[in-house]
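Chemist: Below, each chain spelled out in residue letters.
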Amino acid sequence: MTSTPAWPDLGGIAYGGDYTPEQWPRETWLEDVELMKQAGVNLVSIGIFSWGLLEVREGEYDFSWLDDVIELLHANDIRVDLGTPTASPPAWFFAHHPDARAVTRDGVVMGFGARGMASHSAPAYREASVRIASELAQRYGDHPAVVLWHVHNEFGVPVGEDYSAHSVREWRLWLQQRYGSLDALNAAWGTAFWGQHYGEWDHVGAPAAAPSVVNPAQRLDFARFTDHQLRQCFIAERDAIRAHSDRPITTNFMANQHNGCDLWAWGREVDIVSDDHYLWAADEEGEIGLAIAADLTRSVGGGAPWILMEHSTSAVNWQPRNVAKRPGEMARNSLSHLGRGADGILFFQWRASRSGAEKFHSAMLPHAGTSSRVFREVVDLGAKLGRVSDIRGSRVHADVAILWDFESFWAQDLEWRPSEDVTHDERIRAYYERLWRDGITVDFALPGQDLSGYRLVVAPAQYLLSRADADNLNRYVEAGGTLVVSFFSGVVDEHDAVHEGGFAAPLEPALGLTVEEHLPLRQGDVAEISFAGATYPADVWQEDLALTTAEVRGTYLDGPAAGRAAVTRNVHGAGAGWYVGTRPDAAGLAAVMTAVYADAGVAPAGLPEGVETVRRHGDDADFLVVINHGTETVSLPASGLNLLTQEQTEDKLVLPGGDVAVLRQPHTAEGGGH
Amino acid sequence: MTSTPAWPDLGGIAYGGDYTPEQWPRETWLEDVELMKQAGVNLVSIGIFSWGLLEVREGEYDFSWLDDVIELLHANDIRVDLGTPTASPPAWFFAHHPDARAVTRDGVVMGFGARGMASHSAPAYREASVRIASELAQRYGDHPAVVLWHVHNEFGVPVGEDYSAHSVREWRLWLQQRYGSLDALNAAWGTAFWGQHYGEWDHVGAPAAAPSVVNPAQRLDFARFTDHQLRQCFIAERDAIRAHSDRPITTNFMANQHNGCDLWAWGREVDIVSDDHYLWAADEEGEIGLAIAADLTRSVGGGAPWILMEHSTSAVNWQPRNVAKRPGEMARNSLSHLGRGADGILFFQWRASRSGAEKFHSAMLPHAGTSSRVFREVVDLGAKLGRVSDIRGSRVHADVAILWDFESFWAQDLEWRPSEDVTHDERIRAYYERLWRDGITVDFALPGQDLSGYRLVVAPAQYLLSRADADNLNRYVEAGGTLVVSFFSGVVDEHDAVHEGGFAAPLEPALGLTVEEHLPLRQGDVAEISFAGATYPADVWQEDLALTTAEVRGTYLDGPAAGRAAVTRNVHGAGAGWYVGTRPDAAGLAAVMTAVYADAGVAPAGLPEGVETVRRHGDDADFLVVINHGTETVSLPASGLNLLTQEQTEDKLVLPGGDVAVLRQPHTAEGGGH
Amino acid sequence: MTSTPAWPDLGGIAYGGDYTPEQWPRETWLEDVELMKQAGVNLVSIGIFSWGLLEVREGEYDFSWLDDVIELLHANDIRVDLGTPTASPPAWFFAHHPDARAVTRDGVVMGFGARGMASHSAPAYREASVRIASELAQRYGDHPAVVLWHVHNEFGVPVGEDYSAHSVREWRLWLQQRYGSLDALNAAWGTAFWGQHYGEWDHVGAPAAAPSVVNPAQRLDFARFTDHQLRQCFIAERDAIRAHSDRPITTNFMANQHNGCDLWAWGREVDIVSDDHYLWAADEEGEIGLAIAADLTRSVGGGAPWILMEHSTSAVNWQPRNVAKRPGEMARNSLSHLGRGADGILFFQWRASRSGAEKFHSAMLPHAGTSSRVFREVVDLGAKLGRVSDIRGSRVHADVAILWDFESFWAQDLEWRPSEDVTHDERIRAYYERLWRDGITVDFALPGQDLSGYRLVVAPAQYLLSRADADNLNRYVEAGGTLVVSFFSGVVDEHDAVHEGGFAAPLEPALGLTVEEHLPLRQGDVAEISFAGATYPADVWQEDLALTTAEVRGTYLDGPAAGRAAVTRNVHGAGAGWYVGTRPDAAGLAAVMTAVYADAGVAPAGLPEGVETVRRHGDDADFLVVINHGTETVSLPASGLNLLTQEQTEDKLVLPGGDVAVLRQPHTAEGGGH
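Protein chains in written order, with the working numbering: chain U, 985 to 1658; chain E, 985 to 1658; chain A, 985 to 1658.
It should be emphasised that the hints constitute simulated quantities derived from the structure, not laboratory data. Treat the numbers as computed from the prediction; the structure is a model and nothing was measured. Fair warning: there could be bad hints in the mix.
Which copy is meant is left open, so a pair is good if it fits within one copy or across any two.
Taking lysine to any residue pairs in the SDA-like style, the calculated list, with each CA pair at most 25 angstroms apart, reads [as the list claims (entries may be wrong)]:
#, residue 1, residue 2
1, Lys1021, Glu1484
2, Lys1636, Gln1649
3, Lys1021, Gly1485
4, Lys1021, Gly1464
Excised from the complex, chain U in its bound form (with noise of 0.2 angstroms):
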């Protein structure tokens, strides 16, 4: 590719949703159509799972029906969002190529009946997939309905690693391009322990089911090499499509749901980026969680605008409990992805289907039909998203950045680990969650990228940090950055190897301090820690630290290392860096924050309780999106016209319970970061 394919052009933000004309009569599409337009809807994605029925039998083609249903969209002013198909072959494909199956680690071999279940190794599979590709590209490329493609379907889902014979061949032929020697294989893996020693390739092996705990260095390189396989999918039918078309080539990714692929890497590789997202119904605060991965995904394509491919109107079906979402919930939602840099809000998907897994995942059009509360919500925010059109393009801008490294996620989550309380989820979470109650908008960033446009720098679980990337730390402080390392970070290096000098040593420089020793707690067990004159609990773990220039800012109380330091402040040049060896309590890190704060001259925006605020810089305006969580009206601070009513505010923005503002206001100054 030499440029960037254009956004498609819309009118208007994206608004629509997977759909599956497939499943329903003829007469049906006729209504869809209608309804849609009913509904504002400008784009909808089909062909996603039709594989079996535009290839009818290998090599054999019908695309009749598929024709038809573009003609009729295109007719309608409706776009298309054309997916390649290849997330579930058919079923002849399997009977013709068994060994295209996906193996578990068991060595149990995938069946047909749910979906997914290709090795993304074998040849005979990439082969298909491309074949498929480029007969939808040369049929479609340049149809004037198909604005943008969306090549297979969540990477990685349900299936990642892959143990069949396939994988394990071309997973030799990865380490031998990247060792190069199996005397560097040996090394990085240190086979030496346990007795693992490679003497030919050959005998190198996938890390299946074995007795005990398998190498960690062997299987990060799996998860590495796992994701490498499935973006070389993509890339192969990128690059297929793009002998035919020149419209923009997407996948859906899923940010802080499925950690299995390298969203930093995948992101250089699509012309835009998109993203599925559906709340955890568990959580009662499901909209910080939906706030983490839209600012992820924002994040990995570099802050430029993307796309919402799939969320839901109400509950989805494959959780333990699937709670419906309360009137107005869906469009709170939909705008906090808007705020956070979405141009494109789509669901899955446009009409319920009445057959299979998923029948009982809400839509646009649900089974109750048209005189439901969802499809008169999706009605209202078809009409609300045409009224903020002019957000589009704009950006987000933060002064804060929290690390979020999918190597050291993949290192972190692999067996025997000091403590199962500690996951590189939690952490995340609960620092992001402190920053998005104080109103303060983040990016995530990686440890080795350029980090001097932010004030503060959060790393609350980079368990994985090489000595480059740490050194990349030890600069942005030194140059006057404010970095905060929460505890079990800069622990290996990048074969997971515990890093010369012991644990955290190669943030030495920053920090102030080694780690001499773990000292996790037990179930349960909550210590005590003292803090800027306050007592807060704190649980899970604690550490021995052994401070070379860093003061004592927080001290444990009882516990292990009752007595010891337990958050620490380290001047290093021109900057500082904090560290964190607990889990303290909200109250306990909201403390730990505060003096962090006014550290980086980072100011939290006093908003109300439950009040989420986040602004989009465009070239001439910005666009303040503020979202009532709660159910009390609130007043905050803003001014400006809220393009959702058409009215304009003075000083004081009145927001009821459950409300959403957009106000479009003066132009400032971007913020810092990217």
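Take the given structure of chain U and dock chains E and A to it, following the hints.
Modeler: Frame of chain U, contents of chains E and A only:
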């Protein structure tokens, strides 16, 4: 078969149990028959696990020991229920036919050493089981001691679904028979969802382990196929026996314990219905589960007397904590079965096995021998049963039916339903329990059967409901019946496809509503409803109801549907249809049912707490069985001769804690039902 | 072997750990030996996981690096415990012999990348392991530095049972040897139950995954077979070494951590018993579990001094939460092992591994290096052990024995026992803990051994008890011994068959009762017992006892056996047999044991809470080890020279919280026991 063979004439209630002389030396046999006579045993089941000792090598038989056992029993006037040993083929069978081993969903081939590992679809197994059944029937088919045939053992336990190659082959044939064309199968299964279209029959597989949830219509059909295959095994053996013997043939069901067999269909194939029942020890009111099982057993047999083929004298051995029965409990259990239609009370087993997996299962003759509480109670029960022999042949009549549809249970129990807190068993038990406490006898029924004899029909968990069956329920109400439907009913059709018009749409005439949206609650959340002037907690589920003609009778006070209808009543023709959209606590359900009873003209019996009564109607007399499950003496209005004590009761029956009475009373008009 | 090779002469208590120079560059080796000398290390275990680096291709060796390591150690007066690397065959081995991989019960073939995946029955594995052991013995068998052989590593962990074809073949041969005829096998296994009769040896398989519970006698025999096969692997290596070396040979047990090896049998095969022990971090009194392990290790070695081959300086890495040891805890643990008979204190491992599955396991030299608490304590412990070297060769004597029978544990732990709340470990710990708190030293013993030296024998969990062993216990009581038996003991014989006469019948002479019925309680139910005038809660279990000559000493106040005997005492000959039919709380058990002690003439030591004492008897002196596990200073009556401080104590030892003393005292008469 041209006519149903006669009930075995045992001169009284059948009494005895499984007998395994092959586990003991011959001198023990002599002791056994002496003790059997002491205990009043008149029927024993033998040969159930004796294949390897009868067909000692393929086609080579040794019946000598069985001849001797049968002669010994005959000589002592103990009748024989002769088992076919096909639930446990011999080791040589699997050595010769390794392909006849059942395979799990994950592809694990079952090993020898337990029991029940044969593939129900393997030709070798079908042939061998018919052969041994024929041999037994030829040899013993007209032996005067043999009064009943016991085919196999607990069909479907421990192996129901089988994923072997034999099973897959038969499954395709069954599907071809069911659907005729692949087009029909694709439509029924909704294969357009997730790209599962089939173009050739050979591509259709069993719903084996897959990366995600397998097509639910495919799984539902596989459950139907599994039931069909098991039943074909029974039919093949039955017909082989019938060629040589005119004695009645049964197989022991596991009503309310194993739901893999559609007992309504099985009930049509056996000459006499028999059932195994074991208390669930963790349930402190196991007598209610027992009553469900007994009523279901009677119902699937069309109300005819049946045989309790197995229950326990005390503890079972396969539960997490195998609580022993307390003094008198075995008699209360036995008489409850009797009151609910059993004309035979048998146990697993006569003499406790010293070896094997079930050595800790109680028996009529326990390890402790004759000087034990259990054996004394066995002797006493034998005497008691001797006194109530006139009850034989009498029938139970019920005014109330609870719908129990195995296909609906199979469908509801699949994955990805709206809430894992909703199970068919739980709602059935809750409604049954209410009726049990109110002393109201119920039948179980299918939604499509003639229900006109019932004043009240309750549908606690009718998730799957075909339009034809829904029409039957609508007609039932229109004709004057009272119907109560609990939430998550009428959702899908026979292919697990959501009904057109939305959830519960087919029942709109009877209920005067449809269900717009399911609103499952989070784990542990409890809301309140108001009903008839009082307030009750209700959890797990709410629904957004769209009322057409129904009137609101109960309202949600909080939760996602706060302010909306929780309980409704609809007048339809001459009857009324009630709907309960949530899970009220026991008091709330009692309040609702009190209102329902008034509609239906059904009256609670007003029994003291813990007292169970059930009435059998004979040609000349009624028999009222009264069981006091409590520890205190109770009195209740009742007259008649207590057959157990031979005491005449006038007006008031005084029954000590833990005791049972069987009152002979004048013949009354039959109630409703069948 | 004609005579036991001599203990290695190290000039003092053995001190050191596993050493893995193959994981480090040569310059690190030089640092290692310097630091070892600083820490007082005199023995290291090497080569345990070095197969692939020694036999670099099949039959091709490279011993050069090992030569250098041994020479370096020798030059620095550090002795070598030389491992055979057979716990982890190289990658080439499995590539050449894929059939030599172990297979799980479900048929999953184990993959490479962890360790311990070889089939113990594969001829290729047996040959290869003997070959490498021979090569090592030939080369180093008389090297002056090599003072001990360390065969394999933790036999049975992580793979014990193996279901490969090689295992099944060997299993049949083992059964033929054990039973002689199929008739005997059919009788022993009770194959008449569930129709499992075998007509040909080739039909007998391993107890692989089956649809229901597999024959428990078969599973028990498979556990015996597994133990036998593992031991044969040890014996083959041992004999191969002995052909070339006269140094003592050991293998490291896992007493009380892995129960798959019958350590009584293994104890007879090794020259010196050695053991690995790791605290269970979730146990806040892990020192009690440690004491059990140490006493068991000493007991299986017949009371001879043993080597603690591995323990941890601080945290382990494979538990859910790997709690680090607190200051002083490592020394207390080490001295407790020493007091209980260990003449060697070694660790896993010398230097923490940077890579691999166990990088978070603590070490003598942690990641944090020499300037760490752990290394300082390691140096201090080395010095302390140097001061107590006279203790070598002295022995522990006990008046009390607790029965510990691996075969009974294997049998009790099978499926379908009366209550899953009853486990062998739990009851052993409860009784042991009572004796530990009372300062009474115990041996572990087999029920069939000579018990005459003990005043008291406790059987907390003797589910399986052969009639011969029961007779031994009866004779022990008759001759004046005191026996305490806890519930669910004496239930089955050596074939897991219930004893004729009922539960506990073989112990009727000693106990004066049999058990008529087990009465497990529901989960969470707690009943009360009265004993000696007080009332105690007791849960999990009750029994219906049939007393013959026993007198009732405690009574159930409620629960299923309310009013009946809970605790009994029976006079038999010159002794007394106690029976405890339930699980009293700690206070209740203390009350019972107080009465038992009086019978047995055993007296509690009256120690302050948290203080542990144990005495070793030497030829010239006794050594009293006193450990204060509490945080407060305690004083207790004791005299002697504290070898650790060289201070003389007169009458009263004052010991600060967390401290240890080793008092040299005049030689006393030996106690009872062995």
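Chemist: Are the hints correct? Go through all of them and say.
Modeler: A quick look at each hint next to the structure:
Taking the closest pair of Cα atoms, Lys1021 and Glu1484 come within 25 angstroms of each other only across two copies (23 angstroms); inside a single copy the shortest separation is 63 angstroms, beyond that limit. Proximity of Lys1636 to Gln1649 under the C-alpha cut-off of 25 angstroms is restricted to the intra-copy arrangement: shortest distance 13 angstroms within a copy versus 83 angstroms between copies. Within a single copy, Lys1021 and Gly1485 get their C-alpha atoms only as close as 64 angstroms, which misses the 25 angstroms cut-off; across copies the closest is 22 angstroms, which meets it. Proximity of Lys1021 to Gly1464 under the C-alpha cut-off of 25 angstroms is found in neither arrangement, the shortest distances being 53 angstroms within a copy and 46 angstroms between copies.
Going through the hint list in order, the structure does not satisfy hint 4, though it satisfies all others.
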